[in-house]
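K.L.:
Got chain Y; can you put chain U on it based on the hints?
Number of protein chains: 2
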Amino acid sequence: MITSSANQQIKRILQLNKKAKTRYEQRVFVVEGMKMCMEAPRERVEAMYVSESFLKEEDRRKKVQSYSYEVLTDSLFRTVSDTQTPQGILCLVKMPEYCLEDLLGNTPGCRNQKQEEGRRNPHLLILESIQDPGNLGTMIRTAEGAGATGILMDKTSADIFHPKTIRATMGALYRMPFYIASDLPAAVLTLKEQGISMYAAHLAGALSYHQPDYRQPVGFLIGNEGNGLSPEITGLADTLIRIPMEGKVESLNAAVAAALLMYEARRQRGL
Amino acid sequence: MITSSANQQIKRILQLNKKAKTRYEQRVFVVEGMKMCMEAPRERVEAMYVSESFLKEEDRRKKVQSYSYEVLTDSLFRTVSDTQTPQGILCLVKMPEYCLEDLLGNTPGCRNQKQEEGRRNPHLLILESIQDPGNLGTMIRTAEGAGATGILMDKTSADIFHPKTIRATMGALYRMPFYIASDLPAAVLTLKEQGISMYAAHLAGALSYHQPDYRQPVGFLIGNEGNGLSPEITGLADTLIRIPMEGKVESLNAAVAAALLMYEARRQRGL
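Taken in sequence, the protein lines are chains Y and U.
Heads up, the first sequence is in the working numbering, so the first residue is 111 and it goes up one at a time.
Heads up, the second sequence is in the working numbering, so the first residue is 111 and it goes up one at a time.
One chain only, chain Y, in its complex shape:
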């Protein structure tokens, strides 16, 4: 049992929770709670940590018995936990490695069902400078629900492996292919060359978001919560679309806007 906060493993978890830099250096991230730990692809689980009280309940003990795990005192678990009421279980999980082509499903031996769908008819969510980790996680969760086939985002967006992002994805992080581009405009251009039509939600959009035909390969461009899309990315859109708003509302929350667009594509595709 680990009892001291001076333990190297404890120090490592704390660093991984706190610093994106450490996560990317080690290519590992921290997930917390029963659902996120049990849904993690087994071959990517590098380590598991549970609290003393966690093990006291038999059905929980059974669920983790096939893993090798370390036990932490309850108080020590609370110090490494990112949540206010820890469930007493966390895992270190190896980062998945996707490339841009994975969003198109072009790679030989496609890794999962999402990519198979993407090869047939891509439906992509493309994110520029999303600030809030919770918003980002909600978008990934909604994307899976709406049947989107992949997510492209830039390096200035919130970290996809931030504890708050991970929590908000509710497991979708394990299943949605994503690619973090260092040059977002170049990546969008590459996708356009592959025949994907780009739609940007924009106040200047002439068409309502219900009007275009999304049954063909589509990408939805969603920008920063405060400032929207940059002129450069807006300029890459094939069509500007408008989400109608009543009253004095000037814009919608970015995750809400993304949800309306992706679910409209889903409706048209008759999934």
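Please keep in mind that the hints were generated in silico from the structure rather than gathered at the bench.
Just so you know, these numbers come straight off a predicted model, no measurement behind them.
Watch out, some of these pointers could steer you wrong.
Since copy identity is lost for identical chains, a pair holds within one copy or between any two.
What the hints assert, rightly or not - Once the Cα atoms are required to be at most 35 Å apart in a straight line, the calculated DSBU-like pairs of lysine-lysine come out as:
(1) LYS121 <-> LYS302
(2) LYS172 <-> LYS302
(3) LYS128 <-> LYS358
(4) LYS358 <-> LYS204
(5) LYS204 <-> LYS172
(6) LYS204 <-> LYS265
(7) LYS128 <-> LYS274
P.N.:
Frame of chain Y, contents of chain U only:
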């Protein structure tokens, strides 16, 4: 200029930001930032506070010149601010007073345009035990955008005057009629007696959310982020509807679900 944190007004702002109880005792809440202060109905602004640097820019000074305000040192303003990068302006605003009938627009001399619309064809968002203030604020913002006519919520939901809720409404708080019921089931029953059909998003729903006709008076029931709607409130729904989900997603974020339902009503109503 106020320079000391021992000043009674400073102590009052801190208490109002921190404690829902103080807000309801004094029937006053705190709003921060230029947009939220300028959009506050003038007759309800009880006090305005600005920071020293705020006044240094001429266009800002002009915007507040018709108000009476107190000036705070920059460091003192930071201590009363609820945000990490304060804009240097906050207001104390009197709470609006709505009753349940206001959601129906039945009261003589309806107060605003939303209530006039509600009298013609109510479109209500009904919230049970929403936990996250940011989620609640996002739902109020989306409700205005979707042309909903009012919000009914219970006392166990996050406080509508919590600083994080207020911020997420982006001003919609000033314009959406809302009623906080101490007995939510009774309030829902009253609305049903007025001819409003209740729809609950539920995994057991037989109809997809696109299928019912929302052009008649409707209420959408949305439950707690983790546990969904209680059996009691679910039992009051006329129809259970389902938001289809792909992959292994078990549910959507509550604000995302609310947005999809309200925007579907908006689409059908052809606003």
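K.L.:
Decide, hint by hint, whether the structure agrees.
P.N.:
Going down the list of hints, with the structure as the test:
For the homomeric pair LYS121 and LYS302, neither the shortest alpha-carbon distance inside one copy (44 Å) nor that between copies (57 Å) is at most 35 Å. For the homomeric pair LYS172 and LYS302, neither the shortest alpha-carbon distance inside one copy (49 Å) nor that between copies (47 Å) is at most 35 Å. When the C-alpha separation of LYS128 and LYS358 is checked against a cutoff of 35 Å, the pair qualifies only between copies, where the shortest distance is 29 Å, while the shortest distance within a copy is 39 Å. For the homomeric pair LYS358 and LYS204, the shortest alpha-carbon distance between copies (21 Å) is at most 35 Å, but the shortest distance inside one copy (46 Å) is not.
For a Cα distance limit of 35 Å, the shortest separation of LYS204 from LYS172 inside one copy, 24 Å, qualifies, whereas the shortest one across copies, 55 Å, does not. Proximity of LYS204 and LYS265 under a CA criterion of 35 Å is satisfied intra-copy only: 19 Å inside one chain copy versus 43 Å between copies. In the homo-oligomer, the alpha carbons of LYS128 and LYS274 lie at most 35 Å apart both inside one protomer (11 Å) and across protomers (23 Å), since each shortest distance falls under that limit.
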